[in-house]
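Q: What follows is each chain in one-letter form.
Protein chains: 2
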Amino acid sequence: MISSKANSKIKNVVALQKHSKTRKEQKAFVVEGLKMFEELPREKIKEVYATEAFASKYESLLAGMVVEIVDEKIFELMSDTKTPQGVLCVAKQMDYELTELLEKPETFLLILEDLQDPGNVGTIFRTAEGAGVDGIILSENCVDIYNPKTTRATMGSIYRIPFLYTDDMGAVLKELEKKKITTYAAHLQAKTAYDQEDYQKGSAFLIGNEGKGLSKELTKVAKKLIKIPMAGEVESLNAAVAATVLMYEGNRQRRRET
Amino acid sequence: MISSKANSKIKNVVALQKHSKTRKEQKAFVVEGLKMFEELPREKIKEVYATEAFASKYESLLAGMVVEIVDEKIFELMSDTKTPQGVLCVAKQMDYELTELLEKPETFLLILEDLQDPGNVGTIFRTAEGAGVDGIILSENCVDIYNPKTTRATMGSIYRIPFLYTDDMGAVLKELEKKKITTYAAHLQAKTAYDQEDYQKGSAFLIGNEGKGLSKELTKVAKKLIKIPMAGEVESLNAAVAATVLMYEGNRQRRRET
Chain A
1 MISSKANSKI
11 KNVVALQKHS
21 KTRKEQKAFV
31 VEGLKMFEEL
41 PREKIKEVYA
51 TEAFASKYES
61 LLAGMVVEIV
71 DEKIFELMSD
81 TKTPQGVLCV
91 AKQMDYELTE
101 LLEKPETFLL
111 ILEDLQDPGN
121 VGTIFRTAEG
131 AGVDGIILSE
141 NCVDIYNPKT
151 TRATMGSIYR
161 IPFLYTDDMG
171 AVLKELEKKK
181 ITTYAAHLQA
191 KTAYDQEDYQ
201 KGSAFLIGNE
211 GKGLSKELTK
221 VAKKLIKIPM
231 AGEVESLNAA
241 VAATVLMYEG
251 NRQRRRET
Chain B
259 MISSKANSKI
269 KNVVALQKHS
279 KTRKEQKAFV
289 VEGLKMFEEL
299 PREKIKEVYA
309 TEAFASKYES
319 LLAGMVVEIV
329 DEKIFELMSD
339 TKTPQGVLCV
349 AKQMDYELTE
359 LLEKPETFLL
369 ILEDLQDPGN
379 VGTIFRTAEG
389 AGVDGIILSE
399 NCVDIYNPKT
409 TRATMGSIYR
419 IPFLYTDDMG
429 AVLKELEKKK
439 ITTYAAHLQA
449 KTAYDQEDYQ
459 KGSAFLIGNE
469 GKGLSKELTK
479 VAKKLIKIPM
489 AGEVESLNAA
499 VAATVLMYEG
509 NRQRRRET
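So the protein sequences, as listed, match chains A and B. The first sequence begins at 1 in this note's numbering and counts up by one. The second sequence begins at 259 in this note's numbering and counts up by one.
One or more of the hints may lead you astray.
[Unchecked claim] Taking CB as the label site, the calculated pair distances span:
id, chain 1, residue 1, chain 2, residue 2, range
1, A, E43, B, K478, 50 to 60 Å
2, A, N141, B, S318, 50 to 60 Å
3, B, E435, A, G64, 41 to 51 Å
4, A, N141, B, Q351, 47 to 57 Å
5, B, E435, A, A171, 42 to 52 Å
6, A, K201, B, Q284, 53 to 63 Å
7, B, E317, A, K35, 51 to 61 Å
8, A, S8, B, K478, 33 to 43 Å
9, A, D198, B, K362, 32 to 42 Å
10, A, K179, B, G428, 31 to 41 Å
11, B, K285, A, A6, 51 to 61 Å
[As the list claims (entries may be wrong)] In silico EDC-like pairs for lysine to aspartate or glutamate, Cα to Cα no more than 20 Å straight-line:
id, chain 1, residue 1, chain 2, residue 2
12, A, K21, A, E103
13, B, K293, A, E235
14, B, K293, A, E210
15, B, K293, A, E233
16, A, K223, A, E175
In short, the hints are calculated from the structure, not lab data. Note that CB positions come from ideal geometry on N, CA and C, so glycine has one too.
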């Protein structure tokens, strides 16, 4: 049993929880809790840590795995949550290529620019899977999806929805254009309401930063500007809310197809 | 200038920030920041506090008001935010009657049951105003809308969208029925997709608790069960996201009307 916080493995888990840089260097992240652990594809598991109580309660779940038993107090130090569930795992990061996101003939994509709120981005991943989105492209200045709060907020969608970060959004958008995927940017000055466009063909929604909205550069290269009508004195919607409105309109239209 | 944290007014502001009970007793809440202060209906203002820096920069905004100047350090203690903007105000709580929410012939309502996440409820208020919702009814176990985090997340919609808390949801639902307002509950086992119903008549969407969903009692009394289709392995959506999908479908149908 590991019972010292000076243990190098423990120190590494703490560093992976806290620092995006450490996660990038090791191409790893931390998965916490029973449900997130159960859903994690087995080939992604690098290290498993559990408390004695968890290990004896979930013996069959852990069967055949190399499990480090950790003292309760030390486990609390490793955990990012207030009430740790007693299991935690170091996992390999996902690794998708743009070609995989563009594979389907009428692919349905989401592009996130500089989103900063970890909860927002996690919620967007979860909603995107629900809405049948085929892939998510994030600008490199978006919050790290492997941030423990974000990973948790995805409720497991992080394992299932293909995504990638890019430092060259211009190049990505050119690829999309080649594939005849129409890019849509929600914009206050747009004339067309979002539900007046056809998303049954290859489509990508651009969602901008929470405070600043979509950058001028991306707004300019978007193929079409669309407007989410807002009543009252509302000037903008939360980024996850705006993404939801657009993704579920895409979903609604695509369900009518079949 | 107030420069002591022992000052009884300062202590009261801190209590109003922290305790729902204090807010209820005094029928008051705290409004922070320039934008929230500017949008607050003037007749709701009870007390105004500002730092010297704010007061001199926004002299004309404060003209004619009784303003307590507070030392920067004390202001930080009063504030619920990390970077206080230098203005804060004790305001009277809103006070709506159910009859006001039911006034419009084809009213469009949202009913929240036991929602616990302050950010979620704030976001729902903001989105509801944007979607043209006429009023929100909250069960008494919902988070306090006057919680500073929730108030902030409404982005000012708290001032504009009629709402009320009820300890007798059964009685409220009976009133709705009398007025021929159809109640819709999102439910996993529902047969009808949410976009197959007509929300142009008086409609109310029931949204349940984040973890537990809508209670059996409310599900049972809802006139119609509707389903939000979910692709992949998604079992449920975030409460604010589910509310968004439903409210914006209502909005979409009501725009088609005009």
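Q: Each of the hints needs a verdict: does it hold here or not?
A: Tested hints:
1. A:E43 <-> B:K478: 50 to 60 Å: 45 Å, violated
2. A:N141 <-> B:S318: 50 to 60 Å: 38 Å, violated
3. B:E435 <-> A:G64: 41 to 51 Å: Given a distance of about 57 Å, which is not inside 41 to 51 Å, the answer is violated.
4. A:N141 <-> B:Q351: 47 to 57 Å: 40 Å, violated
5. B:E435 <-> A:A171: 42 to 52 Å: At 58 Å between Cβs, range violated.
6. A:K201 <-> B:Q284: 53 to 63 Å: With Cβ atoms ~57 Å apart, the hint holds.
7. B:E317 <-> A:K35: 51 to 61 Å: 55 Å, holds
8. A:S8 <-> B:K478: 33 to 43 Å: The hint (33 to 43 Å, Cβ to Cβ) is violated, given that A:S8 and B:K478 are roughly 56 Å apart.
9. A:D198 <-> B:K362: 32 to 42 Å: 33 Å, holds
10. A:K179 <-> B:G428: 31 to 41 Å: 55 Å, violated
11. B:K285 <-> A:A6: 51 to 61 Å: With a Cβ separation near 54 Å, B:K285 and A:A6 satisfy 51 to 61 Å, so the hint holds.
12. A:K21 <-> A:E103: 31 Å, violated
13. B:K293 <-> A:E235: 12 Å, holds
14. B:K293 <-> A:E210: 17 Å, holds
15. B:K293 <-> A:E233: Within the cut-off at roughly 13 Å; holds.
16. A:K223 <-> A:E175: 13 Å, holds
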